[in-house]
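Position chain B against the provided structure of chain A, taking the given hints into account.
Number of protein chains: 2
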Amino acid sequence: MTEQIKVFLNEDEMPRQWYNIQADLPEPMPPPLGKDGNPIGPDDLAPVFPMNLIEQEVSTERWIDIPDEVLQILFQWRPSPLYRARRLEQALDTPARIYYKNEGVSPPGSHKPNTAIAQAYYNREAGIKRLTTETGAGQWGSALAMSCQLMGIDCKVYMVRVSFDQKPFRKMMMRTWGAECVASPSDQTEIGRKVLAETPDTPGSLGIAISEAIEDAVTSENTRYSLGSVLNHVMMHQTIIGLEAKKQLEKIGVEPDVVIGCAGGGSNFAGLAFPFVNDKINGKDLRVLAVEPAACPTLTRAPYAYDSGDVAMMTPLLPMHSLGHTFVPPPIHAGGLRYHGMAPLVSHVLQLGLIEAAAIHQVECYESAVLWARTEGFIPAPETAHATAAMVREARQAREEGKEKVILLNWSGHGLMDLVAYEKYFDGELSDHDLPEEVLARSLASMDGLPVPAGV
Amino acid sequence: MTEQIKVFLNEDEMPRQWYNIQADLPEPMPPPLGKDGNPIGPDDLAPVFPMNLIEQEVSTERWIDIPDEVLQILFQWRPSPLYRARRLEQALDTPARIYYKNEGVSPPGSHKPNTAIAQAYYNREAGIKRLTTETGAGQWGSALAMSCQLMGIDCKVYMVRVSFDQKPFRKMMMRTWGAECVASPSDQTEIGRKVLAETPDTPGSLGIAISEAIEDAVTSENTRYSLGSVLNHVMMHQTIIGLEAKKQLEKIGVEPDVVIGCAGGGSNFAGLAFPFVNDKINGKDLRVLAVEPAACPTLTRAPYAYDSGDVAMMTPLLPMHSLGHTFVPPPIHAGGLRYHGMAPLVSHVLQLGLIEAAAIHQVECYESAVLWARTEGFIPAPETAHATAAMVREARQAREEGKEKVILLNWSGHGLMDLVAYEKYFDGELSDHDLPEEVLARSLASMDGLPVPAGV
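Sequence order for the protein chains is A and B. The opening residue of the first sequence carries number 3 in my numbering; numbering runs sequentially from there. The opening residue of the second sequence carries number 3 in my numbering; numbering runs sequentially from there.
The shape of chain A in the complex, shown without the other chains (with noise of 0.2 Å):
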């Protein structure tokens, strides 16, 4: 053998606690706010989450032990590996030297059940019987749906019309763990009704599935509700990522110049960059990168503000950067990072510095997906291929700098389930999608009459 291209580590190597970054911000983040324009408390959002979720959200103990029945779930396919990408290395012929956590080994086949496996549990020990929750091209749904199942509750997921309708086996994946997963808007709830009454053709969006989601969890018995980005237990949860690479790259003596993840709610990218911000906080010198779609540019172009998590405002007013409420996101096939706003943590750390952003259109996206494809094995899921697509660029760079960096990124999950996407970019169907100056101040204004962070 030539050299090791797979960190493995045990499971008595595994992490027991999750790192919550909150313990370390210079600043503390702006709390959440009731539609008062005052902050709200954790008895606010009783209604719609677990009390015991709702202590890790508002926690600042820095390290929180990862209970042990979701520990013996979450090792069924962690710690995920990983790897060295040394043939495309050679194929870039760069001097970088790039890793990657390959998140898509889990069954779902993403990052996602991360946080889904310890939602469910909580809820459970809660006394909750039964989670709602909204899903776009339906990762996060699948996700939750496996969870509840191994967790023995029940689970029902409001998944946007037009990926029910066009994405299928998503939906046939939530059937097969045991989840009711109904077309959004429904006739199940009033807000669904409603929309359903004005416009009977919508699409649907994910602004409108949370809002059913959230209503279906607050009238129903023993039912509360369940997000799978955004929120900071759910970034907290994912940090096992970063955990497990810091321990699998301090085996092989590794330092990462660079850490990448794409950005769409923050979970993936929050999850393995967090306990490297920390790292940073605590005066290293590396680079810490943000990935989102150009057609969504939430961190690179959209300001930092109190904003709504969904189009009826039904969560409270959130301290991050937001496209704004209303913003609808042209059709890229990266269903995960088509949303407006962005986690108030990760929104926070680049606010103060510790992070960069930076936003790239889907077809080069597609180019780096399939020069990975070709080299490494594994297919990128559209989300994953714009973290691939930021490498390519750190490498070439690299090239022609003739500097050795290490690139450490989260490849957050694999594309066989979005395989319709790779075979249009080769038809030469796919196309970027600009967004309009015009269009982004129209969204924006939606924000209008919002109350400002402090200091911004």
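There could be a bad hint or two in this list.
A pair holds if it fits inside one copy or across any two, identical chains being indistinguishable in the list.
Straight-line distance between alpha carbons at most 30 Å, and here's what the computed BS3-like set of lysine-lysine pairs gives [said to hold, decoys possible]:
1. K253 - K8
2. K169 - K426
3. K405 - K131
4. K249 - K8
5. K249 - K286
6. K8 - K282
7. K131 - K426
8. K426 - K249
9. K37 - K169
Bear in mind the hints are in silico, worked out from the structure with no lab data behind them.
Then chain B, alone, in the frame of chain A:
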């Protein structure tokens, strides 16, 4: 943590040699025969396969080194994890302990690349620039597409037309890995044109596709043919599964009482089973069970005979259990198990009483697959569901008998590309397919007049 449920191997523990069961057979296999009824020699196979693989095909060396470059690529997903299926055991309330090898971790999602990588390597080493093959549902075609891409040679796949039209995703996977994939029968071979002229609306068959791929190989420059199952060297390349499993079980001090794999052409079954069959040859007390579809009962209802591997009788005559080379299997969803023959080595060890066989109907298979997905998380491929169904039978029997037996099975691939079959199962649209005696008799008649293996 209550108990370890997954056993890793480190890179330095990965097997460095394949196991060749031909070295240990109590009786040698009958030789393959040419059309004249005489044994064929290596030179007869040279237009179809490269000499280095032909040498492996006839070798009786017990251990054959795995080339470093093959190991490097296999290490991308190997050693595959060995799991204990604790939640499944609980759901079945069985005293049996259930262990499984997860071969779904490879990029195309099955065990197939274990031999595809090796075959692409040996062909390239022999100066071959291009491989042809056939594929049914696409598991094998996609594995060879990836392997040829990684080894830097071209790949052309003849895909059975009905699958090409109805199951487009594996075709897209092949394209992503740079292979050319055409529907068979095609207008690109003489045999294809002949079939199209006679039956323009034919759905195609594996037999026709094999004939086209071989014709292409023997008539094109620097081109050879590659087969994903049946042949001796294919079985040998797959033994890395069983060799890893033995090391993993040794680590935790466990010995299996029953070893289970599904069997179509025989390769995933042989891959897990043959190292354990060796134990049995050496006097150890264990059962080894091959599971096939009741709709295509090669091992349980077909004679041991000399038959051809394809409809057009372009292959040599192989000593094997065969339903007759004209057999057209019912439309069960486990496309990988719809083959009229069985690997000569698997057939031979059944003849010698070293293994046993069972045939199971598909609805029972999906029942077990859904139970599996809902306890272990991973969704089994329809082929793999035959192994899980047999496992459930064994576990239930253990409960009835109060026996603490250890079951080991080959979880040969995931079903993420096969969710339509699950949907049909849930909708009650799947039915079992019996094989009427008269249909079987007609098909067996196609072997009339062919030689019979000695001693039969």
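Hints, one by one, checked against the model:
1. K253 - K8: both (11 Å within a copy, 21 Å between copies)
2. K169 - K426: both (15 Å within a copy, 17 Å between copies)
3. K405 - K131: For K405 and K131, the Cα distance exceeds 30 Å both inside one copy (54 Å) and across copies (36 Å).
4. K249 - K8: both (13 Å within a copy, 19 Å between copies)
5. K249 - K286: Within one copy only: 17 Å inside, 42 Å across.
6. K8 - K282: within (26 Å within a copy, 34 Å between copies)
7. K131 - K426: So K131 and K426 pass the 30 Å test across copies only (28 Å; inside, 42 Å).
8. K426 - K249: Classified as neither: same-chain Cα gap 39 Å, cross-chain 44 Å, threshold 30 Å.
9. K37 - K169: Classified as neither: same-chain Cα gap 36 Å, cross-chain 50 Å, threshold 30 Å.
In this structure, the earlier hints numbered 3, 8 and 9 are contradicted, and the remaining ones agree with it.
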